[in-house]
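Use these hints to put chains B and C with the ligands onto chain A, whose structure you have.
Each chain, letter by letter, is given below.
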Amino acid sequence: MAEVRRFTHDSRIPGWDRAADLDKEPAVVPDAATTEVPPELRAAIEDGMRRFPVGDSAFIPALYAVQEHYGWCPPEGIEQAAAVLGRTPAALSAVATFYDMFEMEQLGRKSVYVCTNISCSLCGADELLAALEGELGEDPDVNVRGFECLGACDIAPMASVNGVYVGPIGLGEVPELARQIRQGDDPLPERQLLRRPSADPKVAEK
Amino acid sequence: MPRPVEKLVSLTINGNEVQAPAGMMLADAALKYGDVEIPVFCYDAKIGPPVGACRMCLVEIEGIPKMQAGCSVAVTDGMVVHTDTPTVKAAQEAVLEFILINHPLDCPVCDKGGECPLQDNAFGWGGGLSRFVEPKRHFEKPLALSPLIAIDRERCILCYRCVRFSQEVSEDDQLVLEERGADTFVTTFDGHPYVAPFSGNITEFCPVGALTSRPYRFRARPWDIEQAGSVCTLCPAQCNVSFSVRDERVLRVLSREHDGVDDGWLCDKGRFAYQAIHVDARITEPMMRDGGELRPVTWDLAIETAAKLLSHAGANTGALVGGETTNEEGVLLAHLMREALGSNDLDSRPGGALEIELLRALSAPTLQASVPDLQYAHAVLVLDCEPVDDAPILDLRLRKGVRHHGVKLLIGSSRPSALDERAAHSARFAPGCGEAFAAALSAELAGQPSASLAAAAGADADDVGALAAQLREAGDEVVILWGERLTAGPRGNEGARALLNLAEQLGLDGRDGGGLLEIPSGTNSRGLREVGVLPNASIGLADAPTAGRDSQQIGEALADGDLSAVILLHSDPLLDQPSSALWQRALGKASAVIAHAAFLTPAVLEHANVVFPAESYAEKEGTVVHPDSRVQRLRRSISRQGETRAEWALLAELAARLGSDPKALTCSMVSARMFEQVPFYAGLSLDLLGGVGIRWSEREAAASFPSAPAAPFTLDAPPAAASPNGLLRLGSFRSIWASPEVEASPALAFLHPRQRVEISPADAARLGINHGENVTVASNGDFVEGLAHIRTSAPDGTVFLQTAIPGDSAALLEGPLVEVKRS
Amino acid sequence: MTDTLLFKNIDEPGLNTIDVYMAHGGYTQLPVALKMEREDLITELSGSGLRGRGGAGFPMGKKASFIPKGDMQKYVVCNADESEPGTFKDRELIQKNPHQLIEGLLIAAFAVDATINYIYIRGEYDQQADILDAAIAEARERGIIGENIFDSGFSVQLELARGAGAYICGEETGLLDSLEGKRGNPRLKPPFPANEGLFNGPTLINNVETLSAIPSIIKLGAEGYAAIGVKDSAGTKLVSISGNVERPGNYEVALGTSSRELIYGLAGGPVDGRKIKCWFPGGSSTPVLTADDLDVGYDYDSIEAAGSMLGSGAIIVVDETQSVVELAYKLAKFYSHESCGKCTPCREGTRWTFHMVERIKEGTATPMDLDIMAAVQEQIIGHCLCVLGDAMAMPIGSLIAKFRDEFEAEIEANRNERERKLAEEFAAAEVEIEGISA
Ligand SMILES: Cc1cc2nc3c(=O)[nH]c(=O)nc-3n(C[C@H](O)[C@H](O)[C@H](O)COP(=O)(O)O)c2cc1C
Ligand code: SF4
Ligand code: FES
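Residue numbers (the working numbering), protein chains in the order written: chain A, 42 to 247; chain B, 3 to 825; chain C, 1140 to 1577.
Just chain A, with the same shape it has in the complex:
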């Protein structure tokens, strides 16, 4: 039988084929009395809650805390956060999956986001991504992915290595960068955005 054609990019969504497991209980607000939450995780979530007049606004801080604790947002982590916030886990997973930075699957803890948006791709970002994937794609500790504009078009093509912006990255520098990422070294220190002076000539003049 002919295979039904699927758009690869549309079926990246794991949930589309997800049926409910009828043996599970409905996911109501987890009762604090019967949900154990690691103390560090609880403390981090409660710290987030303090920043809002309405405590259950702290969804994003809570999800960051879960991701920090587990390396991704596993169901049990979401349940724990839900127990602390007093909301259903579904309310949290709805939010988590809306945002690009929350990982719903266990991937490498080291994140490498390569901007592939217009300005960067005008400067060779697609090639950079391919090269980094070539170097690091197999490494289970590293999560290399193309990303939308990271707000650093002045250093195109660029990447954010665990939040550290580096660029412009020449293709020749990729093996070195890959090595640094694997070993947990500071990525291309000379290329880091934070060290870059302003481009404005009036600044340079002064």
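Be a bit skeptical, because a hint or two may be false.
[What the hints assert, rightly or not] Dumping the calculated DSSO-like pairs for lysine-lysine here, alpha-carbon to alpha-carbon at most 30 Å: (1) C:K1500 to C:K1328; (2) B:K823 to A:K65; (3) C:K1560 to C:K1500; (4) C:K1414 to B:K34; (5) B:K48 to C:K1321; (6) B:K91 to C:K1201; (7) A:K243 to C:K1147; (8) C:K1370 to B:K91; (9) C:K1321 to B:K9; (10) C:K1321 to C:K1370; (11) B:K48 to B:K310; (12) B:K68 to C:K1370; (13) A:K151 to C:K1321; (14) B:K68 to C:K1201.
[As the list claims (entries may be wrong)] Ranges between beta-carbon positions, derived for each pair: (15) A:P242 to C:T1460: 22 to 28 Å; (16) B:R221 to A:Q147: 42 to 48 Å; (17) A:T75 to B:K823: 17 to 23 Å; (18) C:E1298 to B:D514: 42 to 48 Å; (19) A:D88 to C:D1179: 36 to 42 Å.
[What the hints assert, rightly or not] Which residues of chain C face chain B? A partial, calculated answer using Cβ under 7 Å: (20) L1327; (21) K1328; (22) T1460; (23) Q1461; (24) S1478; (25) G1480; (26) C1482; (27) T1483; (28) P1484; (29) D1510; (30) I1511; (31) G1521; (32) H1522; (33) L1524.
If you are wondering where the hints come from, they were derived from the structure by calculation, not from laboratory data. Just so it is clear, CB atoms sit at the ideal spot from N, CA and C, and this is done for glycine as well.
Relative to the frame of chain A, chains B and C with the ligands by itself:
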């Protein structure tokens, strides 16, 4: 909260001048007042304010350069609207083309086909062709979303209705959207099923066939079925329903939206328990006990035997009448008892009678709040009841009031309420201490706080004070939504007095938008009382010439041999009455038990001598009275199943055989006579009731309601809540799912509750009990088993068990204190 | 030099710390503002002519004047989500001079009497968020944020909230939902945030650059500030220039400076002397302009007159070697990925457009698809809750309108290429079949 005032504005729609209330959304106004349909998908006024997501409703408004969403623009004076220009047409066609990009054209095998808003909108406003040549998405379908609901994600048009229902109407927050943009999909958390008291609404509310009812799937096409409007009698909320009938079978129940009753929603019991009409377990022929077992017999034999048994017992007959009994059946039963048998021992209230004067005071028309009042009041005090279990649809109304109209919700209950989270304040008291709590609260309101009353209620004095402060500051329109249990049991009269004093403190008598609203124990409790199915009242709540025994006394008299026969009209005392032990003895002793029942519930199975099949609510005709005094009409929607006969006719025949023919030739004759006999129903007729019913308390005839003594009453000191002393106080509740219909419906059976033992974390720790393990709850040698359920919100020192669970009901235990230990 | 305000001392080491900031005159304008009457302060802001720098260009003072008076809790929210492709100005301001932003924000908060305030920064700006967090902590420590600041009787809180990767959270109401812990779906307007914003309270939302400009306004006075720039485009603007230019980066210029001066004079123009094919004047959401438009003054009205928008003030230069199909592909991919999914035309229209461009690349499209694509853009524009869909439809519409020939040529070339490949495969397959049957 004053209801929105209707100020009319004039606007022009497609060249025609239209008058509509200011603030109404254009799409509603155009349809209702201008006869112009603006197509919509995501919008429905009953979910709350519009979100403007689907963009189906774009229209042009002069003076505004961009097209506007008709669902979310309020009409204003002088507005000039066009819904039929080429620009609008192009936008409508485009939206439909966009929506149909990924919508599969599987209408021939879709349950929604023929009653599908997407089909209708595509037909009415679509361009008729698509330029989309890319392959559509295909995914596995249909998938189970719950045992009751199937989801077909290909068909979903992301209109947000279902998730908004879950998040903003039922507020269970289980159904959500995940991912973003075109990848968005409707789902639950991590593959958990969507199981919640109101989940089924989404199958009716989905504008395409993405969410369908599993029990209804592939059972019929819209043109195979007929819609029959009636009223659901499975609980006191009496939602207006429409049965989808095919070949004399109910295949589905839909809402027959009534703003004064249900706001267009149903609970899952109301939506799916129709299945119990058509199951083998249902009793559909008369039966008699023969050699200890119930066996089918002919009608003649059954009637003859019943008549013989009753005639033998004569005035020594008692009758218990269940809430699903209609007014007409109630009238005829009262005739049978009082006229034919000479007995006044009949009751429709479990647990004992209330002084008739107090009952009148509580039912006084000037003191009755309506269902919509719950949505608009300044404050609602939920007192000694749990709406989601006791009259589920009211739970949604309260949530709506809080969410959209700023109603201040206050709760006084023993068991933590599902509404606590939405409440401005919740106070707890010891089980059974509603009387003391109400008294403490009115003392607070009177400015005489009483620590001893609060202590007697097992409540925290500060808590009572806080609740009173909230009530005092709320505003004039206060509704007290109270549960019958407050006025049941040996101290029912005192409970009623305390409640009336509270209402008096708040000045509720005669107040528009405020008052009392009772959630009684039975569906038609209000009607049954009003037509005299009480030991101390005759029709029209008049004094009974001779007062008889109430339900508790009937049980005692049977046990003592003072009564010998009992009629159980839609009532199983082992499930419905507070003490199972008493009723085990009573029924064991009775020489004749005549039951009218749909299922072989424990009392019927073990004790009935003659069993008459009860009509289901889809087979019945007659009237019932909503707790807010709305008289509603039941209509026969299907023919009676099996050998079932009309029960009104049976009751009339029994009376005739016993020598007092009520001369009831048709059911409507009984209704007509009743409207004449009940002074405050005067002028009502079945035709007048029509499909929407009438609140008698709003009519002129209400003036002839019997007068009642006025509060304040002097109260005697309530007994103090039992002190646990190492034991636990026993609290009980009846779950929405604890009903024979739920147990009998294949689709719902999974919800029929097992006993669970709710305790606080501190008590659990003290008793060494873990969550989910088997525990035993015992008192006086009786015991009940269940799974331990530790709840943070459970009050310390109290254990909660469910009633109405065959075999393990809380009614098996005497209380007030029980011992809990691991099994 | 009057046209260096925001970037004054920008590369001064340690400017991000409170001491260095104060050494250069920082936190001297806030106490001045705190002594003013609120009304006068708002008049001052209005008089400066400062327009919002986040994209829509709405006059800042006017927006502040919409905030109702009264006892309700009011908020100022700084939009630091900066996700519009090509834009990176807020990043540099936050990273190098966070106190300037805080000072501006506190002045705005005082003006509208907002005591709880947030800066919502995109999650990807991790390092910048850390810098800002530290700056807020310093300001709190010095009592600049907190109770009764500068003895004015005004008490104020400021918190930093991080996003987590969603462009739509730059849209002000999407941002508010995100701040409230929800999916970042834009809300129906009205009510506008000024009346019902964060937690239903009146909320003033401004971009980082808008707020950062406020201390200069107080310092120069409304008139002094308004004197910079041109009519209806007062003050200086940070322009992020990127793409095919020699010296990409942020440049602060007086509004009205010629675009040619920006692209060629400051950013050095395209490399290797290539010609400019087109340029986005205000981020990827704005209709493209061409080399013919280079002499347009870089200000709100002139760019609009040229058929585009100043947007966030981000110029992306595309040189002649680039393919317009590739540009359309990147645009459609981005916006369909970032559509929140609430409105049908945006959700489906962006994804459909993406599939159409994909087919052009694959060689399965025909010139008719170009008409469909153009028609689809028309049916997105102005039909949705927010303008994310428009943000794709406008530039793609402009690309099709201005470079139709190039699209058609590429459609043709890709079809030919595909057919050639298919024929090759077919031939190869036949050989094999022959081989088997032989
Ligand atoms: C899709 C979309 C994305 C936006 N992204 C941003 C952004 O990243 N930063 C920003 O300041 N404004 C952004 N805006 C504009 C904001 O909605 C809003 O107009 C702005 O924050 C107001 O501040 P301003 O008046 O200071 O410009 C965006 C608007 C839309 C429709
Ligand atoms: S236009 Fe797009 S991004 Fe904006 S609200 Fe609608 S769907 Fe969301
Ligand atoms: S019905 Fe108006 S936007 Fe959906």
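Hint validity - C:G1480 Cβ closer than 7 Å to any chain B Cβ: Hint on C:G1480: holds, closest Cβ of chain B at ~4 Å, below 7 Å.
With a cut-off of 7 Å, does the beta carbon of C:S1478 approach a beta carbon of chain B closely enough for the hint to hold? With Cβ-Cβ at 4 Å, under 7 Å, it holds.
Hint validity - C:T1460 Cβ closer than 7 Å to any chain B Cβ: At about 30 Å, which exceeds the 7 Å cut-off, the nearest Cβ of chain B leaves the hint on C:T1460 violated.
At the C-beta level, are B:R221 and A:Q147 separated by a distance inside 42 to 48 Å? At roughly 43 Å between Cβ atoms, A:Q147 and B:R221 fall inside 42 to 48 Å, so the hint holds.
Take the C-alpha atoms of C:K1370 and B:K91, compute the straight-line distance between them, and say whether it is at most 30 Å. At roughly 41 Å apart (the allowed maximum being 30 Å), B:K91 and C:K1370 break the hint.
Does the interface hint hold: is C:L1524 within less than 7 Å of chain B, judged Cβ to Cβ? holds, 6 Å
Less than 7 Å between beta-carbons is the criterion; does C:C1482 satisfy it with respect to chain B? Hint holds; C:C1482 Cβ to chain B Cβ min 5 Å, cut 7 Å.
Pairwise hint evaluation, C:K1201 against B:K91, where the allowed Cα distance is 30 Å at most: violated, 37 Å
Take a quick look at whether B:K823 and A:K65 sit within 30 Å of each other, Cα to Cα. holds, 27 Å
30 Å Cα cutoff - pair B:K68, C:K1370: Holds, at roughly 27 Å.
Against chain B, is C:T1483 within 7 Å by beta-carbon distance? With a minimum Cβ separation of about 5 Å from chain B (threshold 7 Å), the hint on C:T1483 holds.
Does the beta carbon distance between A:T75 and B:K823 stay inside 17 to 23 Å, or does it fall outside? holds, 20 Å
Comparing the model with each numbered hint stated earlier shows that hints 1, 4, 6, 8, 9, 10, 11, 21, 22, 23, 29 do not hold.
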